Amino acid sequence: MTTTSQDKNTSKAAAYTTREGWDQRYTQHSGMKAAGTFVHTDNGNRQFYRTKCDALDRVIKATGTTLQHKVVLDAAGGTGRYVPYFLKRGVDHITVADFSRKALEAAQQEYADNPRVDTMFSDLKDAQQPWQRSYDFAFVMEAIFLLPAEANLEQAIVNMYNALNLGGFLVLSDVFPTETLHQNEYIVRRSRDTFERILAERGFGVVGYVRQSFLFERQVFRRFQPYIENTGSLFYWLNRTAMHMRMRPPQDSLSDVKYLIARKVARA
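The working numbering puts the first residue of the sequence shown at 1, with every later residue one more than the last.
Please keep in mind that the hints were generated in silico from the structure rather than gathered at the bench.
Among the hints, erroneous ones may be present.
To be verified - Pairs of lysine-lysine residues, derived as BS3-like cross-links and limited to a Cα-Cα distance of at most 30 Å, are as follows: (1) K102 / K258; (2) K88 / K258; (3) K61 / K102.
Stated by the list, open to error - Computed Cβ-Cβ distance ranges for the label pairs, DEER-style: (4) R116 / G167: 20 to 30 Å; (5) Q251 / Q132: 18 to 28 Å; (6) G90 / Y209: 37 to 47 Å; (7) R58 / Q128: 13 to 23 Å; (8) T180 / G64: 22 to 32 Å; (9) A127 / E196: 20 to 30 Å; (10) Q251 / D57: 18 to 28 Å; (11) S253 / P226: 32 to 42 Å.
Only a predicted model underlies this, so the values are computations on that prediction, with no experimental measurement involved.
Cβ coordinates follow ideal geometry from the N, Cα and C atoms, glycine included.
Modelling step: build the complete structure from the supplied sequences, incorporating the hints.
Following this line, the structure appears as C-alpha cells:
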C-alpha cells in the first residue's frame, strides 16, 4: 500500500489535534516538545525554558500582582512542565489540565506527594468543564493555535472565563499576527484582532502583550547554531542581552511569540 504525502500530513495533523494522537505521542516520547516549537538542541531547549520562565516573570509583573498565594490553572498543561516554576513563585495551588490522560498520568506520578498540585481531565473545546476551584490565573501556553475552528477558540475563552475569579488573569501564548495565518494543516495563528474581539465579547479586557524572546524558535547563527546552543548558557545570555536592548524578531514572524494578558472584567 502506497502512503501519499496527503496521508502523511493527515497523520501528522491527527498527532497534534486529537486526544489519541497526543496519548500516543506522550507514550512514545519522553520530554516531548510541543507543536510549533522550533527544535533546538537539548541544551538549547533547557535554555529556552529558562527564557520562557523569564518571560513569565515579565508577564506577572505586567499584571501588577504576584503569584504568591494565588490559585493557578495550567490549561493544556501536558505533563506539568511549568509546575516547578509556579511552585517556586509561591502559588497556593496549581491545577494541570489536559485532554491527554497519558500526560496527566505523568504529572500525577511526578507530583503525587505534593498537596499543592492536582490534575484534571479537560479539553479546551468542550462546553462542559466541571471546575472544582476558582482560579486567580489561567495559562494556555503553546496550545491555543492547535484549535481547528474559531468556534473552538470562542469555547476555550468561555471556559477560561468560567474558571477564573472576577478580576483574574488569562495568559495566552501565540504569535498574534496582523492577519490570520494558516501555518500548516494543524496550526492556525489567528490574528490579534480576532483574539481581542473574542476576548471583549466574552468579558475580558486586554492588559497587554509581553514578548517571549529574540533568538529562540529560529536559526539565527546558521552553521554555528549548534555550537552556540551547546556552549554552556551562552545562548540564554545572548538572548537576554538582546531583549535588554529591545531587539525583536521580524514582526508577524513565527518566532515572534508573545503572551497576551487579559483580565476578567465583567460577568457574562
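Checked hints:
1. Restraint check for K102 and K258: satisfied, since their Cα atoms lie roughly 28 Å apart, inside the 30 Å limit.
2. With a CA separation close to 23 Å, the supplied pair K88 and K258 stays within the 30 Å bound.
3. With a C-alpha separation of about 33 Å, the suggested pairing of K61 with K102 is violated against the 30 Å cut-off.
4. Between R116 and G167 the C-beta distance comes to about 22 Å, which sits within the given range of 20 to 30 Å.
5. Hint check: Q251 to Q132, Cβ distance near 41 Å, so the stated range 18 to 28 Å is violated.
6. Taking 37 to 47 Å as the suggested C-beta distance range, the pair G90 and Y209 does not conform, at roughly 25 Å.
7. Remark: the range hint 13 to 23 Å for R58 to Q128 is contradicted by a beta-carbon distance near 35 Å.
8. Take T180 and G64: their Cβ atoms lie about 31 Å apart, and the range 22 to 32 Å holds.
9. The hinted range of 20 to 30 Å is satisfied by A127 and E196, whose Cβ atoms lie roughly 23 Å apart.
10. At about 24 Å, the beta-carbon gap between Q251 and D57 stays in the expected band of 18 to 28 Å.
11. Look at S253 against P226: about 22 Å separates their beta carbons, and that is not inside 32 to 42 Å.
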